[in-house]
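Residue numbers (my numbering), protein chains in the order written: chain R, 14 to 337; chain Y, 143 to 406; chain W, -15 to 247.
Just so you know, not all the hints are guaranteed correct.
[To be verified] List of simulated lysine-lysine pairs, DSS-like, C-alpha gap at most 25 Å:
| no. | chain 1 | residue 1 | chain 2 | residue 2 |
| --- | --- | --- | --- | --- |
| 1 | R | 120 | R | 190 |
| 2 | W | 232 | R | 111 |
| 3 | R | 162 | R | 146 |
| 4 | R | 190 | W | -12 |
| 5 | R | 111 | W | 240 |
| 6 | R | 266 | R | 301 |
| 7 | R | 31 | R | 21 |
| 8 | R | 111 | W | -6 |
| 9 | R | 52 | R | 156 |
| 10 | W | 44 | R | 111 |
| 11 | R | 31 | W | 240 |
| 12 | R | 52 | W | 240 |
| 13 | W | -12 | R | 146 |
| 14 | R | 269 | R | 303 |
| 15 | W | -6 | R | 146 |
| 16 | W | -13 | R | 146 |
| 17 | W | -12 | R | 111 |
| 18 | R | 162 | R | 208 |
| 19 | R | 269 | R | 208 |
| 20 | R | 120 | W | 240 |
| 21 | R | 162 | R | 21 |
[Said to hold, decoys possible] Here are a few chain R residues that face chain W, going by a calculated C-beta distance under 10 Å:
| no. | residue |
| --- | --- |
| 22 | 87 |
| 23 | 103 |
| 24 | 110 |
| 25 | 121 |
| 26 | 124 |
| 27 | 128 |
| 28 | 134 |
| 29 | 135 |
| 30 | 141 |
| 31 | 185 |
[Stated by the list, open to error] A few chain W residues that don't get close to chain R, going by computed Cβ distances all over 12 Å:
| no. | residue |
| --- | --- |
| 32 | 27 |
| 33 | 33 |
| 34 | 40 |
| 35 | 81 |
| 36 | 105 |
| 37 | 113 |
| 38 | 142 |
| 39 | 195 |
These are calculated hints, taken from the structure and not from any lab test.
Glycine residues also receive a C-beta, built at the ideal position from the N, C-alpha and C atoms.
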Amino acid sequence: MDTIINIKNLTKIYRTRKKLPGIGGALKGLFSRQYTETKAVDNISLTVEQGELVGFLGPNGAGKTTTLKMLSGILYPTNGDINVLGFNPTKRPIELRKQFALVMGNKQQLWWDLPARESFILLQALYEVPEEKFNSRLKEMAKLLDVEKLLDKQVRNLSLGERMKLELIAALLHDPKVIFLDEPTLGLDVVAQQKLREFIRHYNQQYKTTILLTSHYMEDIKALCKRVVIIDKGKIVYDGDINKLSSEQSETKTIKATFGQTIKPIALKKYGNIRSLSNQVFEIDIPKSKLQSRLSRLLKDFDVTDLTITETDIADVLRQLFTH
Amino acid sequence: MWQKILALFSINLQGNLIYKANAFLWMLTDAVPAIFMPLVWLASYQGRANIAGFTPSLMVTYYLAVFIINNVVGSGIFDEVARDVREGQLAKHLIRPISYLSTCYFSNISWRIVRLFMSLPLIVIGFVVWHNYLSLDNLNLGIWFWLALLLAHFLNFTISYTIGSLALILVETSSFFSIYFFFNFLLSGQIAPLAMFPSGLITLATYMPFRYILSFPLEILTGQLSTSGIISGLIIGMIWLGVVTLACKLVWNKGLKSDFAVGI
Amino acid sequence: MIKKYWNIYKVFWRTSLARELEFRANFLAKIGINIIWIGFYVISVAILFNNTASIGTWTKGDVYILAAFFTFVEAIAYTIFVRNTQEIAEMIRNGNFDGILLRPVNTQFLASLRFVSFDELGTLIGSLAMFIYGLSQSHASINFRQILLALAFVGIGLIIFYCFAMTITIMVFWFIKLDNIRVLMTSTLQLVRFPADVLPTVIRRILVVVLPISFISTIPTQALLGRNIEPWAGVGVIISLSLFIGVKLFWDYALKAYSSASS
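Using the sequences provided together with the hints, build the complete structure.
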């Protein structure tokens, strides 16, 4: 399989001007300038093979969007090498621009006052998509996303969910080999989120297109990606199988205990992090090193009628990872 | 009460400093006719002593005076008001302890002061460029002039404020603004002293409010009016001030009843 | 490749027209206002000439022709690219400029030509009317050769106008808050609305070689009126081409700076 994306030692440092408050500060700002440096992306390296659907997960400001922008050639790295489909995206070769797509959840690329179809026709001309291919792809995707009736409505009259679907179609019309999705489900309701995820999964399976997806929603990544790259403060914290995330990275295991009588949560606090599912069923996160000792104590102190030991939930694992 | 005023002032001033370069650019636009129009007229004298009573010296003085006075008298508040209405910002102003009118007026005044200071270098340049033609002895800077200037200031603000408030009852205001500017430019003496106009237009201008925004104080300044002319001018100007204030009240009464104002 | 860009440009027209037709009522109002402004200008000139027979060597008719050329070129400029240059500034401010960078088309081409504005239709009609009126008032003799020369200068003037507008827009990459920087452009352009005779010779020269906006109105008018301006054609071509190349280089430089800094 081909390596589609190759990132080596990628770093991005921002310099921003500091603004001082008050009239005095504003006046001072006219004469001398102070800068702060932020490391948005810190020496990350990874490769992506053809057809992979990789998820970038991380809190806000972790560097996910910055990385995607550098992969798209919109942003120049401070250091490091990037290779996408054999090209250096920083040089923005037109050949490369024809073969990838970038969709940003909070940015609009369709014309506001016109029906989506007009924007599509413009994109068809820009990307030189042959008439037949354009029509068949449009028809197919509109059907899959159930937006056939919306193609001729003004974009500004549509809901956010409907607009996102059309934005996605706009990005895919030219049959890109690589797709970068930046927070595509941002601000959408649950139903819309699900529809979008199904579509992305279906598209990846059918066309074997390489897709990079960023999100801070756990559900997006869980639903779509086998491989997850976790980024925090510009560094890669984990890069691997999402199912192995808990077993490899978690400091805790989670036990689910059903008790014979009603228990007050306070009583269980000393065993670990508590989550009560009912007043007789609790989940407890116990550090792996203390698992045996605490478990035996629990069984001794309480009447436990049912017990399961599972991997800690990914969301909680992430919380552990990010608070370090 | 003074604290409130000072606070409003301070915020306006800070905001204005940030847009220092913006301000200067707007000023340059106004400065162009001040340099240019005298040039055009000077090329038209062709040896004559005066045109319609204006010697070259008076002509140059006129345009410089227009530039300086625009800074004091002018008012761009209509734009802010219309924007506040359209963007539904009025509600937040209406609940404050200071009336919206006062807020606008102070915004206007602080902006005038900033503009006056920023235009000083341009005024100095203007004096230097035209020093051959300027003569300040024939200028009438007596009490009548200052009264007329005060009238011009308040009249312009009130008209500007009222026009901006039209956004409360009209859906689209930009065409109205264009029409206002059209007549303002023509009949207020911005492009040329009203004395240059054919007599029919001059008579029309005397009874329109635009003259009292700019040309009237200038006519006093350049000694074109007799005392009776000054007094009748002041009276007409005050009448217009009253009429516009009334119109303003009507607009607000009707406007506050509609949905636009409350920020929907 | 020219075919590709020609096709794309045709689609720009199509999309812009579709957009304009969405706002039909406004469209007519705009035409009306434009014609009123031309009327305003006609009145101003009439007032001026109410008190004098000529400005320098320019008679009333000449001044109307000059005004017509200026308004006409300005209107075409606004139709084809000026609005786009203003929107570039907008897009950089709200972060939508990235979308333009993604497309597999020359970014300068896309950014400066993607919208065709139909706002100036009234102005185009009005300026033609003013032109005809000016011709009737002027006593100059016009022949075909002069018309061609004048049109050639108009072409050069448009290229120079484009370079002027783009230079000012490119500065927004660094001075983002300067949202009325285009005011600088409009005020400077006023200098060539009027007969060049009123300006000191130094300024006249500057407006031909340093900031060559005279090619927008003054020079085409002089060409039309047969005032021995032909030698300037060569200079005009050289100036406009160099400025165009200069703008392209400046634009590429600005894109690099943008891509290094934007967050």
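Going down the list of hints, with the structure as the test:
Of the pairs offered as hints, the one joining residue 120 of chain R and residue 190 of chain R holds, with about 22 Å between alpha carbons and a cut-off of 25 Å not exceeded. Taking the CA atoms of residue 232 of chain W and residue 111 of chain R, the gap is about 23 Å. The hint holds against a cut of 25 Å. Between the alpha carbons of residue 162 of chain R and residue 146 of chain R the distance comes to roughly 20 Å, so the proposed pair stays at or under 25 Å and holds. This hinted pair checks out: residue 190 of chain R and residue -12 of chain W have alpha carbons roughly 22 Å apart, not beyond 25 Å.
Simply put, residue 111 of chain R and residue 240 of chain W have alpha-carbon atoms about 20 Å apart, close enough for the 25 Å limit, and the pair holds. Distance restraint check for residue 266 of chain R and residue 301 of chain R: the Cα-Cα separation of roughly 6 Å lies within the 25 Å cut-off, and the hinted pair is therefore satisfied. Annotation: proposed proximity of residue 31 of chain R to residue 21 of chain R is violated, straight-line Cα distance about 31 Å (limit 25 Å). Distance hint between residue 111 of chain R and residue -6 of chain W is fulfilled; the C-alpha atoms sit about 20 Å from each other, no more than 25 Å.
With a CA separation close to 43 Å, the supplied pair residue 52 of chain R and residue 156 of chain R exceeds the 25 Å bound. For the given pair, residue 44 of chain W sits about 56 Å from residue 111 of chain R by alpha-carbon distance, which is inconsistent with the 25 Å threshold. For the given pair, residue 31 of chain R sits about 23 Å from residue 240 of chain W by alpha-carbon distance, which is consistent with the 25 Å threshold. Proximity of residue 52 of chain R to residue 240 of chain W is assessed by CA-CA distance (about 20 Å); at most 25 Å being required, the pair is judged to hold.
For the hint linking residue -12 of chain W to residue 146 of chain R, the alpha-carbon distance of about 18 Å falls within 25 Å, and the restraint holds. Only pairs whose Cα atoms come within 25 Å are accepted, and residue 269 of chain R paired with residue 303 of chain R is accepted, the gap being roughly 16 Å. A threshold of 25 Å between alpha carbons decides the hint, and for residue -6 of chain W with residue 146 of chain R the separation of about 21 Å falls inside it, so the pair holds. For the hint linking residue -13 of chain W to residue 146 of chain R, the alpha-carbon distance of about 20 Å falls within 25 Å, and the restraint holds.
With a C-alpha separation of about 14 Å, the suggested pairing of residue -12 of chain W with residue 111 of chain R holds against the 25 Å cut-off. At roughly 17 Å between alpha-carbon atoms, residue 162 of chain R and residue 208 of chain R fall within 25 Å of each other, so this suggested pair holds. Under the criterion of a C-alpha separation no larger than 25 Å, the hint pairing residue 269 of chain R with residue 208 of chain R is inconsistent with the structure, at around 32 Å. With a C-alpha separation of about 22 Å, the suggested pairing of residue 120 of chain R with residue 240 of chain W holds against the 25 Å cut-off.
Straight-line distance between C-alpha atoms of residue 162 of chain R and residue 21 of chain R comes to about 45 Å, which puts the hinted pair past the 25 Å bound. For the restraint placing residue 87 of chain R at the interface with chain W, the shortest Cβ-Cβ distance is roughly 5 Å, inside the 10 Å limit, so the hint holds. Evaluation of the residue 103 of chain R hint against chain W yields a held restraint, the C-beta minimum of about 8 Å falling below 10 Å. Interface hint status for residue 110 of chain R: upheld, as the beta-carbon distance to the closest one in chain W is roughly 4 Å, under 10 Å.
Interface restraint check for residue 121 of chain R: the shortest CB-CB distance to chain W comes to about 7 Å, inside 10 Å, so the restraint holds. Because the closest C-beta pair between residue 124 of chain R and chain W is about 7 Å apart, less than 10 Å, the hint holds. The beta carbon of residue 128 of chain R comes within 8 Å of a beta carbon in chain W, closer than 10 Å, and the hint placing it at the interface holds. Annotation: residue 134 of chain R was flagged as interfacial toward chain W, and the flag holds, the nearest CB pair being 6 Å apart, inside 10 Å.
Because the smallest distance between the Cβ of residue 135 of chain R and any Cβ of chain W comes to about 5 Å, under 10 Å, the interface hint for this residue holds. Given hint, residue 141 of chain R at the interface with chain W, holds; its Cβ is 6 Å from that chain's nearest Cβ, closer than 10 Å. Taken as an interface hint, residue 185 of chain R does not check out: its beta carbon lies about 13 Å from the nearest beta carbon of chain W, beyond 10 Å. A cut-off of 12 Å between C-beta atoms confirms that residue 27 of chain W is not in contact with chain R; the least separation is 36 Å.
The Cβ of residue 33 of chain W lies farther than 12 Å from every Cβ of chain R, with a closest approach of about 44 Å, so its non-interface assignment holds. Look at residue 40 of chain W: its CB is around 43 Å from the nearest CB on chain R, clear of 12 Å, so calling it non-interface holds up. With a closest Cβ-Cβ approach of about 9 Å to chain R, residue 81 of chain W is found to fall inside the 12 Å limit, against its non-interface label. For residue 105 of chain W, the shortest C-beta to C-beta distance to chain R comes to about 19 Å, beyond the 12 Å cut-off, and the non-interface label holds.
Residue placement check: residue 113 of chain W keeps its beta carbon more than 12 Å from all beta carbons of chain R (closest about 31 Å). Even its closest Cβ contact with chain R, about 24 Å, leaves residue 142 of chain W beyond 12 Å, as expected for a residue assigned away from the interface. Interface exclusion of residue 195 of chain W from chain R stands, the closest Cβ pair being 28 Å apart, more than 12 Å.
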